[in-house]
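Trainee: For the sequence shown, position 169 matches number 169 in UniProt numbering, and the numbering has no gaps at all.
Keep in mind that the hints were calculated from the coordinates and are not lab data.
Wrong hints could be hidden among the right ones.
As the list claims (entries may be wrong) - Straight-line C-alpha distance at most 27 Å; calculated DSS-like pairs for lysine-lysine:
{"no.": "1", "residue 1": "K250", "residue 2": "K233"}
{"no.": "2", "residue 1": "K23", "residue 2": "K42"}
{"no.": "3", "residue 1": "K233", "residue 2": "K220"}
{"no.": "4", "residue 1": "K23", "residue 2": "K2"}
{"no.": "5", "residue 1": "K250", "residue 2": "K154"}
{"no.": "6", "residue 1": "K220", "residue 2": "K250"}
{"no.": "7", "residue 1": "K220", "residue 2": "K154"}
{"no.": "8", "residue 1": "K42", "residue 2": "K233"}
Said to hold, decoys possible - Restraint ranges, calculated between C-beta atoms of paired labels, are given here:
{"no.": "9", "residue 1": "Y77", "residue 2": "E238", "range": "26 to 34 Å"}
{"no.": "10", "residue 1": "N97", "residue 2": "I55", "range": "22 to 30 Å"}
{"no.": "11", "residue 1": "K220", "residue 2": "N26", "range": "43 to 51 Å"}
{"no.": "12", "residue 1": "R132", "residue 2": "K220", "range": "48 to 56 Å"}
{"no.": "13", "residue 1": "R86", "residue 2": "F62", "range": "23 to 31 Å"}
{"no.": "14", "residue 1": "G219", "residue 2": "D98", "range": "44 to 52 Å"}
Every residue gets a Cβ at the ideal spot worked out from N, C-alpha and C, and that includes glycine.
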Amino acid sequence: MKRLLVIGIGAGNPDYITMQAVKALNRVDVFFLMDKGQSKDKLIDLRREICERYISDRTYRFAEAHSPERERGDVDYSASVDDLNRAKQQTFERLINDELSDGQCGGFLVWGDPALYDSTIRILQAILDSGRCAFEFEVIPGITSVQALAAQHKVPLNTIGRSIEITTGRRLAAGQVSDTDSLVVMLDAEDSYHRVADQETEIYWGAYLGTPDEILIHGKLGDVADEIERVRKAARAEHGWIMDTYLLRKP
Numbered sequence: 001m002k003r004l005l006v007i008g009i010g011a012g013n014p015d016y017i018t019m020q021a022v023k024a025l026n027r028v029d030v031f032f033l034m035d036k037g038q039s040k041d042k043l044i045d046l047r048r049e050i051c052e053r054y055i056s057d058r059t060y061r062f063a064e065a066h067s068p069e070r071e072r073g074d075v076d077y078s079a080s081v082d083d084l085n086r087a088k089q090q091t092f093e094r095l096i097n098d099e100l101s102d103g104q105c106g107g108f109l110v111w112g113d114p115a116l117y118d119s120t121i122r123i124l125q126a127i128l129d130s131g132r133c134a135f136e137f138e139v140i141p142g143i144t145s146v147q148a149l150a151a152q153h154k155v156p157l158n159t160i161g162r163s164i165e166i167t168t169g170r171r172l173a174a175g176q177v178s179d180t181d182s183l184v185v186m187l188d189a190e191d192s193y194h195r196v197a198d199q200e201t202e203i204y205w206g207a208y209l210g211t212p213d214e215i216l217i218h219g220k221l222g223d224v225a226d227e228i229e230r231v232r233k234a235a236r237a238e239h240g241w242i243m244d245t246y247l248l249r250k251p
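My request is simple: use the sequences and hints to build the entire structure.
Mentor: Below, the structure is given as C-alpha cells:
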C-alpha cells in the first residue's frame, strides 16, 4: 500500500517546523512539489531548505509538477474553484501513480496548516472516493499564518471570553461576516479592509510572515489603511506575489 503524509510546514520560517513534522519528513521517499511559476520560486526553495535541514541519513527525491491556476476575472468564483480542484486532482493522481511505488511514502509539504484554507486534504479524499488510486494518508498540523501574525504583533487572537472568526477577503467585502469582536482575514486580494465602516477598528496586518521579507503594520484603520494598501502593492510588485493576513479588532 502506498502511504502519503500531508505535512504542515508553517508560515515561512523553517524554525516553525514541529518535532512531529521532522519525524514525518524522515519517513518520506518522494516529496511532491507544485511549481507555481518563477515568481514563487522562493516557496519551492523553502521546501527544499526544510528537507535539507531536517532530514538525516535518508535517501529521498523530489517530483515536481506544474500547479494549475484558478481562472480569474469576470467568472463564477465557485465554478472556477471547482475547475481548479479537478485539475489539481488529476495532477495529484498522476504524481501518486507515476512517481510512487507500492510500499513507498510520499509527502506533500503544505504552507501553514493543511486544515486551514488549503485544498490538499479535500483533493486526496476525492481521489480515494473516485477509486482510481489506492493509498493511506496522514495529516501533520503546522503553524498557521494566523498564529504567526498574532505572535509577531504580540497580541492574543481573542479578547477575554469572546470568540474569533476566520474568514476571507471575499466574504468580508460582501458583508458575509459575523459581529464578532476579533476577525481574522485571509486570502484578501482586493484590500477589503477599506470596506469596514468603523475607522476606529484596529488592524494588525502582516505579509510574508516568518520570512526575511516580513512586513508588519498596526494601527487604526483610519490611520493606516492607505499605508497598508501602498505597502502591499509595492511588495507585490517587488516579489511578484504576496501572502498577507490581518486581524481586525473592534474598539
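Trainee: Now tell me if each hint is right for this structure.
Mentor: These are the hints, each one checked on the structure:
1. K250 / K233: holds (26 Å)
2. K23 / K42: Holds: K23 and K42 sit about 24 Å apart, inside 27 Å.
3. K233 / K220: Judged against 27 Å, a Cα distance of about 20 Å means the pair holds.
4. K23 / K2: Roughly 18 Å between the alpha carbons, so the hint for K23 and K2 holds.
5. K250 / K154: holds (17 Å)
6. K220 / K250: Holds - the C-alpha atoms of K250 and K220 are around 10 Å apart, at most 27 Å.
7. K220 / K154: holds (16 Å)
8. K42 / K233: Judged against 27 Å, a Cα distance of about 19 Å means the pair holds.
9. Y77 / E238: 26 to 34 Å: Distance hint for Y77, E238 holds at roughly 28 Å.
10. N97 / I55: 22 to 30 Å: holds (24 Å)
11. K220 / N26: 43 to 51 Å: holds (47 Å)
12. R132 / K220: 48 to 56 Å: holds (53 Å)
13. R86 / F62: 23 to 31 Å: holds (24 Å)
14. G219 / D98: 44 to 52 Å: With a Cβ separation near 51 Å, G219 and D98 satisfy 44 to 52 Å, so the hint holds.
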